[in-house]
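Given chain A, work out where chain B should sit, using these hints.
Chains A and B, in that order, are what the protein sequence lines are.
Using the UniProt record's numbering, the first residue of the first sequence is number 1, and each one after it goes up by one.
Using the UniProt record's numbering, the first residue of the second sequence is number 1, and each one after it goes up by one.
Keep in mind that the hints are not guaranteed to be accurate.
Pairs of lysine-lysine residues, derived as DSBU-like cross-links and limited to a Cα-Cα distance of at most 35 angstroms, are as follows [what the hints assert, rightly or not]:
| id | chain 1 | residue 1 | chain 2 | residue 2 |
| --- | --- | --- | --- | --- |
| 1 | A | Lys9 | B | Lys175 |
| 2 | A | Lys9 | B | Lys93 |
| 3 | B | Lys127 | B | Lys59 |
| 4 | A | Lys133 | B | Lys59 |
| 5 | B | Lys59 | B | Lys175 |
Hint data in this document are derived by calculation from the structure and do not stem from the laboratory.
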Amino acid sequence: MTTITLEDKERRRAWGFVAPALLWTLAFFVVPFLYMAALSLWSRQGRDIVHVWNFDNYLRFFSENALLRGLTNSLEITLTVTILSVLLAYPLAWIIAERVPKRLQRMALILAILPFWTSYVVRSYSWLLVLSKGGVINQALMGIGLITEPLEIASNRTATVIGFVHFFVMLLTLTIYSNLVQLSPNYRRAAADLGANAFQTFWHVILPLTLPGIMTGAFLTFVLCIGDYITPQILGGNNELVLPQIIMLQIGRRADFPMAAALSIILMLAVTAAYVLCARWLRIERA
Amino acid sequence: MRDLLSRSFGWGYLIIIYGFIFLPVAVLVLFSFQDGRLPVPPFNGFSLQWYEAVFADRKLMAALGNSFLVATGSSTVACLLGFLAAYALARYKLPGSALQRGLLIAPMTVSYLIIALGLLAVLNAVKVPLSLWTVGIGHVVINLPLCFAIIYASMGDHHINIERAARDLGANDLKVMALVTAPMLMPSILAAFFLSVTFSWDEFIIAFLLSRFDVTLPVEIWSMLRSGLNPKTNAIGSLVFLGSVAVLLVLELTLFGRNRKT
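Chain A extracted, bound-state conformation:
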């Protein structure tokens, strides 16, 4: 009998240890989230929220072109950014893992992700210095006489994509590199023994083995990119609004919390869809 009471006491104590974290997450994450879900089914009248359940916000989303356009803009930009970032980061991770001498690899990797540590807001702003009309690129191109009029490369979608890709190349290089260096050299030796050339080895052996790392990084890119407000707001101009910008407009200018909540739920659904598509390669929950 004593052992049972001891276990009971221990279990109670264990609950005591885990309770603060659980309560924090419940109170400040789960409850707000459920409240938002409820909010998205209510509507706004003037400054007040009317507690009548309906799907008006969602119906409005699908019938109003400007809102729907926000989702498609977000998806287009996010997919472009994700693909470009993977294509640019993979060779970099590969070169660092394969070509750079072992003792310099850590240094090369740290260098490749150093600008990660600029402030996020400043990082977007600094691209403005490069891309704006009087910026470095335009001045340089005009200086060597390649163009006479400054190019419009800031305040549009291209600028947003460049800003995003810059950030995510660093992130993806990190995830892909850590995947590459974990591969045993035996795979490559075996492939060579079986007569594969360098390209065949890469295509049929290395690439499939690094796919989980690529997909983890790509999913992370997708989530962070589609939910970001800063980069499109600073670099994108106001012609093609993405979903987070529209959400911020709903609360900032119109105080329409129900609509902002509905848009957030839609944003969540997009991320969930991406997760389901990548789930095969992702092992986040088994951390």
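Then chain B, alone, in the frame of chain A:
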């Protein structure tokens, strides 16, 4: 010949991509020394006036202090809660522990904007005024999953016997945790803490939506941006960058460097 070609292609790629990665930062730092009103070419000459302006800016310095408070405070809370939860879930058989782990990790998969909005809506509904405290609460929400995951992952089974020995020698649970488990896990606890500090330090959207009069550094920089391109923004941006790099170097040389050898 082919090898030489692919090799030079590799180095060429390396140079171009490093150029891409460093271009905006280099421009930022260079034009923070601009002797003129615009942080774009041509470079008019070297001047430290914008750095002086940064240190003379009271709002900016207040924001810096606020950022420091929020980052260290929220990271401490996140680490403490994360450590306790990780200890409980790694050392005891609790019902629904997989579910609990899932719940604790869940905020990681939701974008910061949505977490901020949800908190803002609830705070509005229960009429809690916005302040640095509400920003801190939000930052604990985003950093708790991280701290929990890192510390939980390092709670190896090989520590159990040492804890058991301590218990046999008469230490109670709290003593074991504070005097045995925590010191053994200190590298990962510190890693979680500093990672969480950097996230909180740099976080914008939660700090933007959940603060009112006292703002953090990213929010203050954001409001500076509204006045257009300005070498002062470059100066504060460069300072933040150099500060982070310094912290990173110290971590690399002490914490992670030592960790790697053992």
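Each hint, compared with the structure:
For the suggested pair lysine 9(A) and lysine 175(B), the alpha carbons sit about 16 angstroms apart, so the restraint of at most 35 angstroms is met. For the hint pairing lysine 9(A) with lysine 93(B), the CA-to-CA distance comes to about 13 angstroms; that is within 35 angstroms, so the pair holds. A threshold of 35 angstroms between alpha carbons decides the hint, and for lysine 127(B) with lysine 59(B) the separation of about 27 angstroms falls inside it, so the pair holds. Using a Cα cut-off of 35 angstroms, the hinted pair lysine 133(A) and lysine 59(B) holds, with the two alpha carbons roughly 30 angstroms apart.
Under the criterion of a C-alpha separation no larger than 35 angstroms, the hint pairing lysine 59(B) with lysine 175(B) is inconsistent with the structure, at around 44 angstroms.
Against the hints set out earlier in the document, a violation occurs for number 5 only.
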